[in-house]
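A.B. asks: Here is how the chains run, residue by residue.
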Amino acid sequence: DTAVSQTPKYLVTQMGNDKSIKCEQNLGHDTMYWYKQDSKKFLKIMFSYNNKELIINETVPNRFSPKSPDKAHLNLHINSLELGDSAVYFCASSQEQGIRAEAFFGQGTRLTVV
Amino acid sequence: AQTVTQSQPEMSVQEAETVTLSCTYDTSESDYYLFWYKQPPSRQMILVIRQEAYKQQNATENRFSVNFQKAAKSFSLKISDSQLGDAAMYFCAYRRGGGADGLTFGKGTHLIIQP
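Here the protein sequences come in this chain order: G and L.
Residue numbering for the first sequence follows my numbering, beginning at 4 and increasing consecutively.
Residue numbering for the second sequence follows my numbering, beginning at 10 and increasing consecutively.
For reference, chain G alone in the conformation it holds in the complex (with noise of 0.2 Å):
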C-alpha cells in the first residue's frame, strides 16, 4: 500500500480553471503538508496542517486552500489558474511528535498551465 498518495499525477488546465490536487496518507500521521516545487527545483512549504492549527506560508495566494474533510486526507483547492503556478506541488505527513519526525511524500502532481 502507498503511504502517501496524491492525485492526479499531471494536471494539463488552462488559465482561469480552478482545479484540485487530493492527497490520503494510511501511515496514521497527525499532520499534512503541501509544499511547491518550482521550475528551479527548489521546494518551498505552502501549508501545514494538524487537528490543531493550519499554518500558512504567508507567500502563498489566497487563491490557494487547503481542505481536511478528515485526518488522512488534506487537499488543496487552487482558483483562477495563472501560469506562475505552473509546478510540482508535493503532499506530505508526518508525525509531529515522537522519535521519527521525517515526512513521507507523495509522488508528486505536475501542474502545467497554458
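Bear in mind the hints are in silico, worked out from the structure with no lab data behind them.
Careful: at least some of the hints might be erroneous.
What the hints assert, rightly or not - Straight-line alpha carbon distances no greater than 20 Å define the calculated EDC-like cross-link-like pairs of lysine to aspartate or glutamate that follow:
no.: 1; chain 1: G; residue 1: LYS47; chain 2: G; residue 2: GLU61
no.: 2; chain 1: G; residue 1: LYS47; chain 2: L; residue 2: ASP35
no.: 3; chain 1: G; residue 1: LYS43; chain 2: L; residue 2: GLU19
Claimed, not checked - Label-pair distances were calculated between CB atoms; the ranges are:
no.: 4; chain 1: G; residue 1: LYS43; chain 2: L; residue 2: SER51; range: 17 to 27 Å
no.: 5; chain 1: G; residue 1: LEU57; chain 2: L; residue 2: GLN123; range: 28 to 38 Å
no.: 6; chain 1: L; residue 1: SER21; chain 2: G; residue 2: LEU57; range: 41 to 51 Å
no.: 7; chain 1: G; residue 1: GLU56; chain 2: L; residue 2: GLN123; range: 46 to 56 Å
no.: 8; chain 1: L; residue 1: ASN71; chain 2: G; residue 2: SER42; range: 28 to 38 Å
no.: 9; chain 1: G; residue 1: ARG113; chain 2: L; residue 2: GLN92; range: 22 to 32 Å
no.: 10; chain 1: L; residue 1: ALA80; chain 2: G; residue 2: GLY19; range: 24 to 34 Å
no.: 11; chain 1: G; residue 1: LEU57; chain 2: L; residue 2: THR12; range: 34 to 44 Å
no.: 12; chain 1: G; residue 1: GLY19; chain 2: L; residue 2: SER39; range: 44 to 54 Å
Stated by the list, open to error - Here are some chain L residues the structure puts well away from chain G; computed CB gaps all over 12 Å:
no.: 13; residue: SER16
no.: 14; residue: SER21
no.: 15; residue: VAL22
no.: 16; residue: SER31
no.: 17; residue: TYR34
no.: 18; residue: LEU43
no.: 19; residue: SER51
no.: 20; residue: GLN66
no.: 21; residue: PHE77
no.: 22; residue: ALA81
no.: 23; residue: SER85
no.: 24; residue: THR113
no.: 25; residue: GLN123
Ideal Cβ positions, reconstructed from N, Cα and C, are used throughout, including at glycine.
Given chain G, work out where chain L should sit, using these hints.
C.D. replies: Structure of chain L alone, referenced to chain G:
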C-alpha cells in the same frame, strides 16, 4: 527564520568513489532535526538519512553518513562507494522540534555519477 544553504549546485564523482555534499543552516532553536532527501528523475522524494540535534553521534545508513557540527551549524552528507543509482538531486532539510511548520529545504545539489 531558519535558512538552509547548499553551496554546491552540482557535484560529479566517479563510480565507486566517495563524495561529500555540503549543507549549512541557521536557527535559533535548540530542538530540531536535519534530513537529507534524494530526488531521482522519477521525482519521488526519498529520505536518505536523519539526524536529531540532541544526538552528538553522527547518523549513518549503510553507505551514507553525515558529519554533524552543531556549533558550526553544518550538516554534510558523505556517500561512500558511489553507485550509478545514487545520481539524483539531494536536498538538505531542517525541521524545528515540535510544532507543525514543516521542512525548510536547501536549493539542492545535483549529483552526477561518472561510470
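A.B. asks: Now tell me if each hint is right for this structure.
C.D. replies: So, going through the hints one by one against the coordinates:
Between LYS47(G) and GLU61(G), the direct Cα distance comes to roughly 12 Å. Compliance with the 20 Å bound is thereby established for this hinted pair. Restraint check for LYS47(G) and ASP35(L): the C-alpha separation of about 17 Å stays at or below 20 Å, so the hint holds. With a C-alpha separation of about 13 Å, the suggested pair LYS43(G) and GLU19(L) falls inside the 20 Å cut-off, and the hint holds. For the pair LYS43(G) and SER51(L), the beta carbons lie near 19 Å from each other, so the given range of 17 to 27 Å is met.
A hinted range of 28 to 38 Å is violated for the C-beta pair LEU57(G) and GLN123(L), which are about 46 Å apart. A beta carbon spacing of about 42 Å between SER21(L) and LEU57(G) agrees with the range 41 to 51 Å that was offered as a hint. Taking the beta carbon of each, GLU56(G) and GLN123(L) are about 47 Å apart, inside 46 to 56 Å as hinted. A hinted range of 28 to 38 Å holds for the C-beta pair ASN71(L) and SER42(G), which are about 33 Å apart.
For ARG113(G) and GLN92(L), the hinted distance range of 22 to 32 Å is satisfied, since their beta carbons lie about 27 Å from each other. Remark: the range hint 24 to 34 Å for ALA80(L) to GLY19(G) is contradicted by a beta-carbon distance near 52 Å. A beta carbon spacing of about 24 Å between LEU57(G) and THR12(L) contradicts the range 34 to 44 Å that was offered as a hint. Between GLY19(G) and SER39(L), the C-beta spacing of about 47 Å keeps the proposed range 44 to 54 Å intact.
The claim that SER16(L) lies off the interface holds: its Cβ sits roughly 15 Å from the closest Cβ of chain G, which is beyond the 12 Å cut-off. At roughly 17 Å, the least C-beta separation between SER21(L) and chain G is larger than 12 Å, which holds for a residue marked as non-interface. At the 12 Å boundary, the C-beta of VAL22(L) stays outside the reach of chain G, the nearest C-beta of that chain being 20 Å off. SER31(L), annotated as away from the interface, keeps every beta carbon of chain G farther than 12 Å; the closest lies near 17 Å.
Listed as a non-interface residue, TYR34(L) keeps its Cβ farther than 12 Å from every Cβ of chain G; the least gap is roughly 15 Å. The Cβ of LEU43(L) sits about 10 Å from the closest Cβ of chain G, inside the 12 Å cut-off, so the non-interface label is violated. Non-interface call for SER51(L) relative to chain G: violated, since the shortest CB-CB distance, roughly 8 Å, does not exceed 12 Å. With a least CB separation of 15 Å from chain G, GLN66(L) remains clear of the 12 Å interface cut-off, as annotated.
Distance to chain G confirms PHE77(L) as a non-interface residue, since its nearest Cβ pair spans about 15 Å, more than 12 Å. Once the 12 Å rule is applied to beta carbons, ALA81(L) is consistent with being away from chain G; the minimum gap is 22 Å. Once the 12 Å rule is applied to beta carbons, SER85(L) is consistent with being away from chain G; the minimum gap is 18 Å. A beta-carbon of chain G is positioned within 12 Å of the beta-carbon of THR113(L); the least distance is around 7 Å.
Annotated as non-interface, GLN123(L) keeps its C-beta farther than 12 Å from every C-beta of chain G; the closest such distance is 21 Å.
In summary, the numbered hints that this structure violates are 5, 10, 11, 18, 19 and 24.
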